[in-house]
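Student: Protein sequence lines correspond, in order, to chains A and B. When we follow the numbering used here, the leftmost residue of the first sequence carries the number 520, and every step to the right adds one. When we follow the numbering used here, the leftmost residue of the second sequence carries the number 24, and every step to the right adds one.
The set of hints was computed from the structure by calculation and includes no laboratory data. Incorrect hints may appear among the rest.
Claimed, not checked - So, partial list: chain A residues that the calculated Cβ filter (under 8 Å) puts toward chain B:
#, residue
1, Val662
2, Asp730
3, Ile791
4, Asn819
5, Glu852
The structure displayed is predicted, hence computed values, not measured ones. In this text, a Cβ means the ideal position worked out from N, Cα and C, and glycines have one as well.
Okay, here's what each chain looks like letter by letter:
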Amino acid sequence: MARLYEYQGKQLLKAAKVPIPQGEVATTPEEAGKIAEKIGKPVAIKAQIWAGGRGKAGGIKFAQNPEEAKKVASDLLGSEIKKLKVEKVLVEEKLEIDKEYYAGIIIDASREVRAPVVMFSTEGGMDIESVPSEKIAQMPVDVLRGFRLYDALNLGVRLKVPTKFLPAIAQAVMGLYQTFRSYHCRTAEINPLVQTKDGKILAGDCRMAIDDSSVFRHPELGIEVARESPTPPTELDKIAWQIEEGDLRGTCYIAQMVPEIKELNYVGYHGIGGGGAILGVDALNRQGLKIANYADTSGNPTAAKVYRAAKVIINQPGIEGYMLGGFIVANQEQWHHAHGVVKALREEIPKRPGFPCVILLCGNKEKESMEILKEGTKDLPGRFEFYGSDKVYETEFLAKRMKALILEYRRDRGIKEE
Amino acid sequence: MAILLEKNTTVLVQGITGREGSARAVFMRDYGTKVVAGVTPGRGGEDVSGIPVYNTVEEAVRAHGRIDASVTFVPGPGLKDAVFEAIDGGIKFISMPVERVPLYDILEMMAYAKVHGVKLLGPGSIGIMSPGIAVMGWLGGTPEFAKRVFVPGPVGVISRSGGQSGTVPWAIKEAGMGVSTVIHIGTEPVLGMSCGDILPLFEKDPDTKAVAMFGEIGGPYEEEAAEAVRKKEFTKPLVVYVAGAWAPEGMRFSHASSIIERGRGSAKDKIKSLKEAGVHVVDRPDEIAPTLKRLLKI
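All chains should be modelled from the sequences, with the hints used to inform the complete structure.
Tutor: Laid out in structure tokens, this is it:
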């Protein structure tokens with residue numbers, strides 16, 4: 520899912536008339552100080568990262584005045600919280616909290632639902648998973664009918680929300696649903712939905728993720744890579760996304776597993792087909808090898824798409840080998856893969872003599888694909904091994920061959936470690 | 024016999040003049056499927072290797088009478104319209120070999136199909152094949168390859184992985200058995216027919232003696248299969264492999280239906296739920312065929 524930061528989500532909520540605390544995002548301590556000055560009262564300074572439990576991990580701090588805000592922001596900016604680097608902070612008025620509610624929407628894929636489910640709870644401020652079910656009111660939404668204001672009111676009524684606060688809470692839930700719907704979210708959550716001591720209802724925090732396949736409908740959000748990931752995209756992820764963006768012919772998926780390779784035993788991994796590709800990773804791990812990236816080119820992509828994927832994978836600094844893990848007897852004509860990979864190898868292998876490549880390609884047009892691979896690489900200075908259908912389940916064997924070739928390549932380069 | 028796709032099922036190809044649509048329509052027809060017509064707006068009156076092309080589904084139905092099923096070779100953002108059009112044309116089974124479909128489009132299709140009693144397969148399903156009878160989608164790829172890999176027999180196959188929906192039947196054939204119907208349920212975050220919907224159909228099919236299922240992390244599908252077994256909606260032997268034990272939460276492995284969300288959908292949970300229902304869970308995919316052989320005493 521393409522996740523949004525808290526400050527981005529809150530702007531969308533504001534546009535849907537959900538009240539949010541006064542505040543702005545800052546990238547430097549000076550900016551943070553200026554925002555605090557503008558707010559003119561005690562502020563909360565919140566690290567903008569994609570992680571739950573941010574408060575407990577030290578990502579939310581308070582400041583009494585602009586000077587203090589500047590100091591706190593300088594501590595937070597550039598620090599690491601839950602292994603994520605803080606590059607932005609949200610500076611907001613500190614809320615005087617009387618009570619915390621929860622409002623959230625998910626997509627339920629189970630066979631009896633297959634629809635969005637709106638959830639509301641009088642127990643906000645904590646992980647909704649830990650709230651007892653009798654404290655949660657929920658409603659699956661018939662998308663042909665939509666979600667109406669009286670639905671939101673009824674969720675509150677069911678949990679006995681005092682009438683005094685009910686309309687404002689229902690408005691906030693409604694605003695959340697409207698945002699969810701118009702921005703094509705996969706999930707959206709206001710937690711906590713705050714009731715302040717002076718009786719106002721505001722979105723205290725906000726987590727949202729946009730459906731990857733709908734990102735193209737929202738260029739205004741500036742999402743760089745429309746892919747699920749627990750962390751922001753790396754440079755490689757961005758390059759890899761360019762291969763996929765705007766080209767609907769088959770799938771090319773590449774995700775970097777480590778930002779920088781500082782040790783031996785990393786392999787550039789090019790899988791075909793999600794299920795099968797996962798099997799290959801298990802086997803490589805058992806040989807003490809790690810994957811620098813995960814990748815999948817399937818759904819009958821063009822040779823051009825496969826070429827660009829292979830090129831990106833082989834170009835990762837620090838890898839010691841390339842594996843094309845086609846652990847499937849594919850229905851797609853595999854010669855597109857053969858052509859694409861050969862083109863990438865012809866450009867890349869001369870730059871790294873002896874580089875090991877273990878290539879498994881099975882299924883439709885397998886024989887022709889093997890000929891393309893052998894013919895296309897016979898004059899290249901790499902170490903190539905090609906396998907077909909009879910090895911499709913031989914994950915251990917292929918992982919061992921990868922390891923053996925890597926050790927030979929290491930000896931070429933005078934590296935003694937095994 | 025087979026399920027969903029039988030000898031007399033008439034099939035429409037939406038998007039028949041495109042790169043995939045034209046190639047697969049011919050493949051499907053050459054394999055034995057009753058491909059009666061295709062649709063591409065603005066190309067009515069043409070033909071694709073003898074298959075007549077119409078501008079709209081309504082026009083095709085008017086020319087051919089009732090059409091049982093449709094397969095949609097259209098880009099993701101155009102799928103919703105294609106499916107609504109097929110439903111309005113009275114088609115009762117739609118297979119959608121289409122990825123990267125906007126989520127709300129999928130939800131609206133699901134809701135509209137439910138109202139009209141239409142069965143949807145996918146999105147992101149590479150298809151369904153009843154070996155020796157018919158195929159929809161690009162499962163099998165070419166007639167020669169399809170004949171080599173998929174042979175008729177007593178095992179129903181349900182796969183969450185497109186590639187494995189070819190590999191599992193291949194392994195079953197290598198072990199001296201064959202398959203009744205193979206179904207890939209698709210890759211998108213919300214799917215039409217899933218394991219829990221398909222198992223009861225295999226239960227009713229007299230030619231299916233057992234089912235093999237290639238599972239994956241993420242989604243409720245394996246748990247729903249376990250539920251169908253617990254409720255005795257499926258009582259034949261069921262052999263399941265679940266891929267992705269090593270995958271961390273929140274990371275996506277290739278397709279959107281295989282993401283572990285909110286701590287749910289891990290391989291461990293799925294295996295536990297299947298085992299508790301009495302399903303045969305194997306540790307490696309190459310154990311699927313030998314296990315079936317043992318259970319079927321072949």
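Student: Against the structure, test the hints numbered earlier, and report the numbers of the ones violated in rising order.
Tutor: Structure breaks no hint.
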